[in-house]
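**Student:** Sequence:
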Amino acid sequence: MSEIFEEKILYHYEHPSNRGVIEDAQIKHRDLNTLCGDQVTIYASLDGDVISDIKFQGIGCAISMASTSMLTEKVKGMNIKDVLELGQKDVLDMLGIESLTPMRVKCAMLGLRTLQKGIIEYTAKSGAQSPPANGSYS
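In this text, residue positions in the sequence shown follow our numbering: the first is 1, and each later residue adds one.
Hint data in this document are derived by calculation from the structure and do not stem from the laboratory. The beta carbon of each residue, even a glycine, is placed where N, CA and C say it ideally should be. Among the hints, erroneous ones may be present.
Derived pair list, reagent style DSS-like, types lysine-lysine, alpha-carbon separation capped at 27 Å [stated by the list, open to error]:
no., residue 1, residue 2
1, Lys117, Lys81
2, Lys89, Lys106
3, Lys55, Lys89
4, Lys125, Lys81
5, Lys74, Lys106
6, Lys106, Lys117
7, Lys76, Lys55
8, Lys28, Lys76
9, Lys74, Lys125
10, Lys117, Lys74
11, Lys76, Lys125
12, Lys117, Lys76
13, Lys106, Lys8
14, Lys55, Lys117
15, Lys8, Lys76
16, Lys55, Lys74
17, Lys8, Lys125
18, Lys55, Lys106
19, Lys74, Lys89
Label pairs and their computed distance ranges (CB to CB) [what the hints assert, rightly or not]:
no., residue 1, residue 2, range
20, Ser99, Asp24, 38 to 48 Å
21, Glu6, Gly48, 18 to 28 Å
22, Glu23, Ser99, 30 to 40 Å
23, Arg104, Gly127, 14 to 24 Å
24, Arg19, Met78, 13 to 23 Å
25, Glu23, Glu98, 32 to 42 Å
26, Gly87, Arg30, 31 to 41 Å
27, Gly37, Tyr11, 33 to 43 Å
28, Glu6, Asp49, 34 to 44 Å
29, Glu7, Asp47, 27 to 37 Å
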């Protein structure tokens, strides 16, 4: 991992974007990485099928918190169907990392997996149509 990307991860860990709670969020989901104890709760407000606001709370390692912070920046303004299509390569590209150990991949994917599970719960409850996702949330 290059020094530039290490600095980016450290910056997002120390100064996370979109940290907080959305009280009336349509999407709220909590998940954890049982291997290391990282945990994230994602809150998202929608305008139709578009994420209009997103926030998170969590505790965990630099990679899980930084990737969740960067994810919230990336998905704001995205259609939830497009979010379901995001996967591991998208997260690693966002972090600027080509590869990680399997344990660290779970850390990096925690935010996306949590958001995707929340979207699936929301679409199931609201009766909205949800396209098949690429499976990265499972």
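**Student:** Taking the numbered hints from earlier one at a time, note which ones the structure violates and give those numbers from smallest to largest.
**Tutor:** 17, 21, 23, 26 and 27
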